[in-house]
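A.B. asks: Chain residues, written in single-letter form:
2 protein chains.
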Amino acid sequence: MSGTLYGVGLGPGDPGLITLKAARLIGGAAVIAYPALEDGDSLARAIAADLISDGVREIALHIPFVVDREPAQVAYDRGADEIAAALQMGDDVVMLCEGDPLFYGSFMYVHARLSGRFDVQVVPGVTSVTACAALAGLPLAARNEVLTVLPGTLPDDALRSRLEAAQSAAIMKVGRHLGRIKAVIEALGLMERAVYVERASLPNQRVMPLGEATDAPYFSMILLTRGNDPWL
Amino acid sequence: MSGTLYGVGLGPGDPGLITLKAARLIGGAAVIAYPALEDGDSLARAIAADLISDGVREIALHIPFVVDREPAQVAYDRGADEIAAALQMGDDVVMLCEGDPLFYGSFMYVHARLSGRFDVQVVPGVTSVTACAALAGLPLAARNEVLTVLPGTLPDDALRSRLEAAQSAAIMKVGRHLGRIKAVIEALGLMERAVYVERASLPNQRVMPLGEATDAPYFSMILLTRGNDPWL
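Chain order of the listed sequences is E and W. If you read the first sequence in our numbering, its first letter stands for residue 1, the second for the next number, and so on. If you read the second sequence in our numbering, its first letter stands for residue 1001, the second for the next number, and so on.
Simulated from the structure, these hints should not be mistaken for lab results. As the structure is a prediction and not an experimental result, all values here were calculated from the model. Every residue gets a Cβ at the ideal spot worked out from N, C-alpha and C, and that includes glycine. Just to be clear, a hint being listed does not mean it is correct.
[Unchecked claim] Short derived list, chain W residues pointing at chain E, Cβ under 7 Å:
| hint | residue |
| --- | --- |
| 1 | L1017 |
| 2 | L1020 |
| 3 | K1021 |
| 4 | S1115 |
| 5 | V1122 |
| 6 | A1131 |
| 7 | A1134 |
| 8 | G1137 |
| 9 | N1144 |
| 10 | V1207 |
| 11 | M1208 |
[Stated by the list, open to error] What follows is a list of derived Cβ distance ranges for each label pair:
| hint | chain 1 | residue 1 | chain 2 | residue 2 | range |
| --- | --- | --- | --- | --- | --- |
| 12 | E | E192 | W | V1074 | 28 to 34 Å |
| 13 | E | D119 | W | R1069 | 27 to 33 Å |
| 14 | W | G1055 | E | E164 | 51 to 57 Å |
| 15 | E | A85 | W | A1158 | 46 to 52 Å |
| 16 | E | A183 | W | N1144 | 15 to 21 Å |
| 17 | E | V56 | W | D1119 | 35 to 41 Å |
Extracted from the complex, chain E is given alone in its bound form (with noise of 0.2 Å):
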């Protein structure tokens, strides 16, 4: 019998919005696997410390982080072999994943990868747009209304049509594009309503009037919204 590959959702930061069975998940794994960066730094690994039991086995995935998509892919591919080594003996996986794990997420290459060979449970986290939401105190989507979400990487011609045709908007990976978009949004006559948030739900999150925002992290969101209106 082969083990079971569980995706789990960390959330987006603090351990706190880690849900109750993630955590069950976690404490009771004989196998952890994690993206990391290639020099060891793993998000999810650091979100999840805490939880994790000794002598556990840990498998980490070593991500190049560069824009050629290859090197990443064979990343995954190894990564992949060695999980399913583990399910293979019988061994459950827990891989632990940033946020949500089939939101934006590495998760998304390895399910691909073993989804149609083992079975592969997926355990649902909070993501970084509601973090932000919650920290600005922003109303996402009531109603009838469309939430857009997108990411600050498109080009500026996509992110004008993409913003001009949206209700509320969630722009994800802002980053280094941030004066890039910052021009946009003010172009479309957006910037009042544009809020900037950072590490939402992290001991030094910030969140701050879009114009107010000189540079940004990886993890950084603007969020376009309708305001808190009483009467929404």
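Once you have looked at the hints, place chain W on chain E.
C.D. replies: Chain W in isolation, oriented as in the chain E frame:
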């Protein structure tokens, strides 16, 4: 000193998808509040039931579930007044919210009424969108992709234009609009990408190709994604 109002996301229905932070707040609360139907049934209270201590004071907001918005707003006024009275006496109040408090949730109506006068903290929760993706095993968005979240209650032409422009889409609140939405998706030639999910994370959850779905409860969703491509 006034108390703090906590708007606490409970996730999509499985009590295991409540976060550790939400569980701590609920377990330690002196006063809880929650939306309820006029007959007293409350999904939010049911999700959190095992975490609620004996002897806690409970404030049920009986929200009329009708198209006309005025009766609901009157109910929110009354509920917000009751919560405000508890906060003024120095008690913290934990308001239970299905899913995430600021994502198509009723908490935003309370938040809008009280956030100017009291300390209000929002604890984000797992949304039904990622819970449905987890059950279906379908990535919602990767890399440069855009995700559109829209309610199935939109009129046909708005649905059509939104879906035409979308990459991935999650259509919420399908319910009695199922036939109408299916017709729009069929006309757009998107049926083979469409997956129907109901009551994700609950014991009676179901997932199937949209073509096989014949009726839908209120808590149902249609996902339109690019599928589970191994090289996404």
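A.B. asks: Take the hints in turn and mark each one as holding or not.
C.D. replies: Structure-based check of each hint:
1. L1017: It holds, given that the least Cβ distance between W:L1017 and chain E is near 5 Å, below 7 Å.
2. L1020: The hint holds - W:L1020 has a Cβ within 7 Å of chain E, the shortest such distance being about 5 Å.
3. K1021: Because about 3 Å separates W:K1021 from the closest Cβ in chain E, which is inside the 7 Å limit, the hint holds.
4. S1115: For W:S1115, the interface hint holds, since the closest Cβ of chain E sits about 6 Å away, which is under 7 Å.
5. V1122: It holds, given that the least Cβ distance between W:V1122 and chain E is near 4 Å, below 7 Å.
6. A1131: 5 Å, holds
7. A1134: Since chain E brings a Cβ to about 4 Å from W:A1134, closer than 7 Å, the hint holds.
8. G1137: At about 6 Å, which falls below the 7 Å cut-off, the nearest Cβ of chain E leaves the hint on W:G1137 intact, so it holds.
9. N1144: 6 Å, holds
10. V1207: 12 Å, violated
11. M1208: Violated: closest Cβ of chain E sits about 17 Å from W:M1208, beyond 7 Å.
12. E:E192 x W:V1074: 28 to 34 Å: 31 Å, holds
13. E:D119 x W:R1069: 27 to 33 Å: Given range 27 to 33 Å: violated, Cβ gap about 46 Å.
14. W:G1055 x E:E164: 51 to 57 Å: 54 Å, holds
15. E:A85 x W:A1158: 46 to 52 Å: 50 Å, holds
16. E:A183 x W:N1144: 15 to 21 Å: 19 Å, holds
17. E:V56 x W:D1119: 35 to 41 Å: Given a distance of about 40 Å, which is inside 35 to 41 Å, the answer is holds.
The structure shown violates the earlier hints numbered 10, 11, 13.
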